[in-house]
Amino acid sequence: MKILIFLLLLLISIYSYGKEEKFQNYMKEFQEYENKEIRDYKAYYEQIMKEFEEYKKIVNEEFENYKKEISKYWEDTEISTKTKWVEYSNNYKIKKVVDFENGEIRIEIIDKNKPSNEKIKNLLKDLITEDTNRAFKNDKLSQNIEKKLLEKVKHIKTAKVDKKPILMDVIVQKENPEPKDISKAIENLIQKGELYKKPSKFGGEKVYFFKIKLLPKIFLIKIKEYKPTVSKYSKKYRLRESLIFAIIHTESAFNPLAKSPAPAYGLMQIVPQTAGKDATKIIYGKPVLLAPSYLYNSEKNIMVGTTYLYLLYYKYLSDIKNPLSRLYCTIAAYNTGAGNVARAFIGTTNIKKAIHIINKMTPSEVYNTLEKNLPYEETKQYLNKVAIRIKIYE
Numbered sequence: 001m002k003i004l005i006f007l008l009l010l011l012i013s014i015y016s017y018g019k020e021e022k023f024q025n026y027m028k029e030f031q032e033y034e035n036k037e038i039r040d041y042k043a044y045y046e047q048i049m050k051e052f053e054e055y056k057k058i059v060n061e062e063f064e065n066y067k068k069e070i071s072k073y074w075e076d077t078e079i080s081t082k083t084k085w086v087e088y089s090n091n092y093k094i095k096k097v098v099d100f101e102n103g104e105i106r107i108e109i110i111d112k113n114k115p116s117n118e119k120i121k122n123l124l125k126d127l128i129t130e131d132t133n134r135a136f137k138n139d140k141l142s143q144n145i146e147k148k149l150l151e152k153v154k155h156i157k158t159a160k161v162d163k164k165p166i167l168m169d170v171i172v173q174k175e176n177p178e179p180k181d182i183s184k185a186i187e188n189l190i191q192k193g194e195l196y197k198k199p200s201k202f203g204g205e206k207v208y209f210f211k212i213k214l215l216p217k218i219f220l221i222k223i224k225e226y227k228p229t230v231s232k233y234s235k236k237y238r239l240r241e242s243l244i245f246a247i248i249h250t251e252s253a254f255n256p257l258a259k260s261p262a263p264a265y266g267l268m269q270i271v272p273q274t275a276g277k278d279a280t281k282i283i284y285g286k287p288v289l290l291a292p293s294y295l296y297n298s299e300k301n302i303m304v305g306t307t308y309l310y311l312l313y314y315k316y317l318s319d320i321k322n323p324l325s326r327l328y329c330t331i332a333a334y335n336t337g338a339g340n341v342a343r344a345f346i347g348t349t350n351i352k353k354a355i356h357i358i359n360k361m362t363p364s365e366v367y368n369t370l371e372k373n374l375p376y377e378e379t380k381q382y383l384n385k386v387a388i389r390i391k392i393y394e
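Just so you know, the numbering used here puts 249 at position 249 of the sequence shown, and the rest follows in order with no gaps.
Among the hints, a few may not be true.
To be verified - Have a look at the derived ranges for each label pair, beta carbon to beta carbon: (1) 133 - 54: 43 to 49 Å; (2) 360 - 75: 52 to 58 Å; (3) 143 - 384: 33 to 39 Å.
Unchecked claim - In the DSS-like style, the derived pairs of lysine-lysine whose C-alpha atoms are separated by at most 30 Å in a straight line are: (4) 56 - 72; (5) 154 - 235; (6) 380 - 321; (7) 93 - 82; (8) 385 - 164; (9) 50 - 160; (10) 72 - 140; (11) 137 - 67; (12) 56 - 121; (13) 160 - 114; (14) 148 - 192.
Source of the hints: derived by calculation from the structure; they are not laboratory data. We treat Cβ as the ideally placed atom computed from N, Cα and C, and that holds for glycine.
Make a model of the complete structure from these sequences and hints.
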């Protein structure tokens, strides 16, 4: 935009004065201005890449510190993953786990005595009524990462984490439940659950754990919560809702507090250095780094994820002629990057050369080549899962 304004002023000046000397001077000024813009952007980009290295360093350090703290109390240092939300009490002696992929709730307590039903009911109530905003505030690991990022990284975007239900819609299945509805749901869970015990790290104490199976196919309940946002960005970027939902399902199993050490955060598992960096160029006009709080805001997470899908399908891989072939390549690229997709066809990361080969193939041949030659087993499985799940959401 700045360059266009400069050119407009230049043309007006040439028209007004019509002098060769002035024209040459303006062209020189324009070239200097353009060179400065390029230098400034290059310097900014280099700074962003340095800051991401600092970002990764902070994440790695905080993950290790958090694991060390947990290991003082627990044999297994269980922390949140892509598909599991894990929360500890302040003294680390109570652990609450929600496994979205396998549909299970687990509450573990280190104590000398067997926990009463009342205690388990209260812990279940806390878990069921907790929203994403409160969960983020209770997440010591994410809070420590966010704090360090704000101290050490300049180009970082944060956001307020929205207050979305995590389990209320799944367990109570009412939009605005009354206390009696919640109590009834908890009673049902107590009846379905089983209490076990195992040794703890402390002499004289045991680990008591209460396990409950959730309803099968909880993702069919969770899609109602995110449908307005998915629909909004589906229309904006001309992407199928079924594709977006299939990717959310495969990336996080609809765990809004999903995290991995990559680092990647949220429903669509956004990695700030890759999807985040590329998508923010479109969203903000320049790449910026996204903090955990930004990516735990469900709307912003879906916005960034769908922007990246748009870039893959309509920009980076746009020369693939067959829409289905391009879809398969886009799915794989979301997981592993466009360069690794190219590698599956030609052994190098040259996308243009790979597209030339892809355009000679049928969609089935493209899919089979990806399944056979993608560099990582994870991506092969990812492609298969997303392709199957698209049909669920159509």
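30 Å limit on alpha-carbon distance, applied to hinted pair residue 50 and residue 160: holds, 26 Å
Regarding the pair residue 160 and residue 114, is the alpha-carbon distance no greater than 30 Å? violated, 39 Å
Going straight from one Cα to the other, do residue 148 and residue 192 come out at no more than 30 Å? violated, 42 Å
Assess, step by step, whether the Cα of residue 93 is no farther than 30 Å from the Cα of residue 82, and give holds or violated. With Cα atoms ~23 Å apart, residue 93 and residue 82 stay inside 30 Å; holds.
Are the Cα positions of residue 385 and residue 164 separated by 30 Å at most? It holds: about 26 Å lies between the C-alpha atoms, which stays within 30 Å.
Given the proposed pairing of residue 72 with residue 140, does the C-alpha separation stay at or below 30 Å? Holds, because 16 Å separates the two Cα atoms, which is no more than 30 Å.
Does the Cβ-Cβ separation between residue 143 and residue 384 fall within 33 to 39 Å? The hint (33 to 39 Å, Cβ to Cβ) holds, given that residue 143 and residue 384 are roughly 36 Å apart.
Confirm or reject the claim that residue 360 and residue 75 have a C-beta distance inside 52 to 58 Å. holds, 55 Å
Tell me if the straight-line CA distance from residue 56 to residue 72 falls inside 30 Å. Within the cut-off at roughly 25 Å; holds.
Taking 30 Å as the top limit, are the C-alpha atoms of residue 56 and residue 121 close enough? This hinted pair is violated, its Cα atoms lying about 39 Å apart.
Within 43 to 49 Å or not, the Cβ separation of residue 133 and residue 54? violated, 27 Å
Does the alpha-carbon distance linking residue 137 and residue 67 stay inside the 30 Å limit? holds, 18 Å
Comparing the model with each earlier hint shows violations of hints 1, 5, 12, 13, 14; every other hint is respected.
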